[in-house]
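Please construct the entire structure, taking both the sequences and the accompanying hints into account.
Residues per chain are reported as follows:
Number of protein chains: 2
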Amino acid sequence: MKKILIADDNADLRESIAEVLTEAGFYTETATNGKEAAAKSAETDFDIVLLDMLMPVMKGAEALTEIKKTRPAAKVIVMTAFSTIENAVEIIKKGAADYIVKPFKVEQLLTIVRREIEEAGFEKDILNIDLDRVMNCLSNPIRRNIVKYLHRNKEMRFMELNRELEMDDHTKLVFHLKILREAGISTQDKNKNYMLTREGLRVFQCLTFIENYLSARSD
Amino acid sequence: MKKILIADDNADLRESIAEVLTEAGFYTETATNGKEAAAKSAETDFDIVLLDMLMPVMKGAEALTEIKKTRPAAKVIVMTAFSTIENAVEIIKKGAADYIVKPFKVEQLLTIVRREIEEAGFEKDILNIDLDRVMNCLSNPIRRNIVKYLHRNKEMRFMELNRELEMDDHTKLVFHLKILREAGISTQDKNKNYMLTREGLRVFQCLTFIENYLSARSD
DNA sequence: TTCCGCTGTGAATATTTGTTCACACTTATA
DNA sequence: TATAAGTGTGAACAAATATTCACAGCGGAA
Numbered sequence: 001m002k003k004i005l006i007a008d009d010n011a012d013l014r015e016s017i018a019e020v021l022t023e024a025g026f027y028t029e030t031a032t033n034g035k036e037a038a039a040k041s042a043e044t045d046f047d048i049v050l051l052d053m054l055m056p057v058m059k060g061a062e063a064l065t066e067i068k069k070t071r072p073a074a075k076v077i078v079m080t081a082f083s084t085i086e087n088a089v090e091i092i093k094k095g096a097a098d099y100i101v102k103p104f105k106v107e108q109l110l111t112i113v114r115r116e117i118e119e120a121g122f123e124k125d126i127l128n129i130d131l132d133r134v135m136n137c138l139s140n141p142i143r144r145n146i147v148k149y150l151h152r153n154k155e156m157r158f159m160e161l162n163r164e165l166e167m168d169d170h171t172k173l174v175f176h177l178k179i180l181r182e183a184g185i186s187t188q189d190k191n192k193n194y195m196l197t198r199e200g201l202r203v204f205q206c207l208t209f210i211e212n213y214l215s216a217r218s219d
Numbered sequence: 001m002k003k004i005l006i007a008d009d010n011a012d013l014r015e016s017i018a019e020v021l022t023e024a025g026f027y028t029e030t031a032t033n034g035k036e037a038a039a040k041s042a043e044t045d046f047d048i049v050l051l052d053m054l055m056p057v058m059k060g061a062e063a064l065t066e067i068k069k070t071r072p073a074a075k076v077i078v079m080t081a082f083s084t085i086e087n088a089v090e091i092i093k094k095g096a097a098d099y100i101v102k103p104f105k106v107e108q109l110l111t112i113v114r115r116e117i118e119e120a121g122f123e124k125d126i127l128n129i130d131l132d133r134v135m136n137c138l139s140n141p142i143r144r145n146i147v148k149y150l151h152r153n154k155e156m157r158f159m160e161l162n163r164e165l166e167m168d169d170h171t172k173l174v175f176h177l178k179i180l181r182e183a184g185i186s187t188q189d190k191n192k193n194y195m196l197t198r199e200g201l202r203v204f205q206c207l208t209f210i211e212n213y214l215s216a217r218s219d
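Protein sequences, first through last, are from chains A and B.
Going by the numbering used here, the first residue of the first sequence is number 1, and it counts up by one from there.
Going by the numbering used here, the first residue of the second sequence is number 1, and it counts up by one from there.
Among the clues, some could well be false.
Since the list gives no way to pick one copy over another, a pair counts as held whenever it fits inside one copy or between any two copies.
[To be verified] Below, a list of computed lysine-lysine pairs in the DSSO-like style, where the Cα atoms sit at most 27 Å apart: (1) K154 <-> K102; (2) K148 <-> K40; (3) K68 <-> K93; (4) K105 <-> K3; (5) K154 <-> K93; (6) K3 <-> K68; (7) K105 <-> K190; (8) K68 <-> K94; (9) K93 <-> K69; (10) K2 <-> K148; (11) K35 <-> K190; (12) K2 <-> K102; (13) K59 <-> K105; (14) K35 <-> K68.
FYI, nobody ran anything at the bench for these hints, they're computed from the structure.
No experiment lies behind these values; they were computed from the predicted model shown.
As structure tokens, then:
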């Protein structure tokens, strides 16, 4: 059962939302301010957090930051009465999954909640990745390079890769390709061309993210 | 010199923006549709891409996706005449750095561009990270766990970590802590508390990104 | 003071990764 | 068909990583 946390200082609204969502088949908890919301979120892994922006003790914006810190995977839907585009942009950049303007109809909220739930499921499923193995693959610069080349060239022959990577001993490349294959990152088609799998593509994207995120480039 | 790509099908607007930005000391190139923008972006590593939403051949939204695929680090500022909150939210979720509504004053645009440049610089500089070492650290599940605990608890004593991780032999933990320290991910204060460095925080963020991005969790 | 838990060192050892080598089968092509 | 380039296997070896063990200083509590 999907778990939803509702944070709003207005008791009426809070309870009525909780009621609706409970009826709709979700497990709900409530919080009356940002601090409480952050604490409950740290404690329980909610799928969705409905967060009012204007609350006492801790504002929603701050709570949002806190929540994302402990639960980066949680989908936070921000509710606000004071709405401008700048505002919305700011909130989404801070990591909110969506933004709903008060007053809203229950139907609207339900639609958004369901969409986010679906998205969360979509993002998580399908892929079959062994994090340990993948990290192992990425820990080796040769393999990181292979992934990059395979992404760039879509598909490559063995010797092509060998030349690009300037490998001295071709069996060394065989070795690394095997590891990538066993980790589900690369495959071969019937013509022996090497290419990334769907998972491999994901891994590549992670890799570029990491490199962008961690590398200091002087400019 | 910071490089900016301006993509808009309106020649007047395009050229006048280019002129202003060039005068302001940026290197500029232009594109007349999304496809061209994506191509130019793939070829050159622009710091900023100004992207109109309504263009022939390839819409801005699609172009945005393409650009982020090859240049996840590029800051894409979306320009649009048709603006609603839903719209803005959607665009930001797709990875745009900012959103500006047409018609806008040149001053506004300059402010936004400068802010994004500054942010990009802030994100890139300073950090001194050895990718190879970091990947090596992350390839070990024990060390990944240490990083997580250190992030969660801000600072921890040795034995505290030891208990949390349920290590059998404490010297094993010493070993891994040493590696993390040498990679610049963790440090100790004068009281021997272990904690993440600034770089370590970054590494933690990468880690959660990776886990979110790659992991399939059954629910 | 004595004892005990916390924090650590260094060396020995075990395990996992990576490299090299000798060899072999396939496919294309001279 | 003979030859060479492309692709691959398995075992031996080398190097890097991880684990274990024996031991020791230090600070606080009994």
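Quick one: K154 to K93, C-alpha cut-off 27 Å, is that within a copy, between copies, both, or neither?
Between copies only: 25 Å across, 30 Å inside.
What label fits K59 with K105 when the C-alpha limit is 27 Å: within, between, both, or neither?
within (23 Å within a copy, 32 Å between copies)
When Cα atoms must be at most 27 Å apart, do K148 and K40 count as within-copy, between-copy, both, or neither?
Only across copies: K148 and K40 sit 19 Å apart there, 39 Å inside one copy, limit 27 Å.
First find the shortest C-alpha distance between K35 and K68 inside one copy, then the shortest across copies, and answer within, between, both or neither for a cut-off of 27 Å.
within (13 Å within a copy, 35 Å between copies)
At most 27 Å between CA atoms: does that hold for K154 and K102 within a copy, between copies, both, or neither?
Neither: 44 Å inside a copy, 36 Å across copies.
Quick one: K105 to K3, C-alpha cut-off 27 Å, is that within a copy, between copies, both, or neither?
Within one copy, since 21 Å is at most 27 Å while 45 Å is not.
Go through the copies and call it for K2 and K148: within, between, both or neither, with a Cα cutoff of 27 Å.
between (36 Å within a copy, 25 Å between copies)
When no copy is named, should K68 and K94 be tagged within, between, both, or neither for a Cα gap of at most 27 Å?
both (9 Å within a copy, 18 Å between copies)
Since the copies are identical, ignore which copy is meant and state whether K3 and K68 lie within 27 Å (CA to CA) inside a copy, between copies, both or neither.
Within one copy, since 16 Å is at most 27 Å while 32 Å is not.
Within a copy, between copies, both or neither: where do K68 and K93 come within 27 Å Cα-Cα?
both (12 Å within a copy, 15 Å between copies)
From the Cα coordinates, with 27 Å as the cut-off, is the pair K35 and K190 best called within, between, both, or neither?
neither (56 Å within a copy, 31 Å between copies)
At 27 Å max between alpha carbons, let me know whether K2 reaches K102 within a copy, between copies, both or neither.
Close inside one copy (24 Å), not across copies (41 Å); limit 27 Å.
The earlier numbered hints that this structure contradicts are 1, 7, 11.
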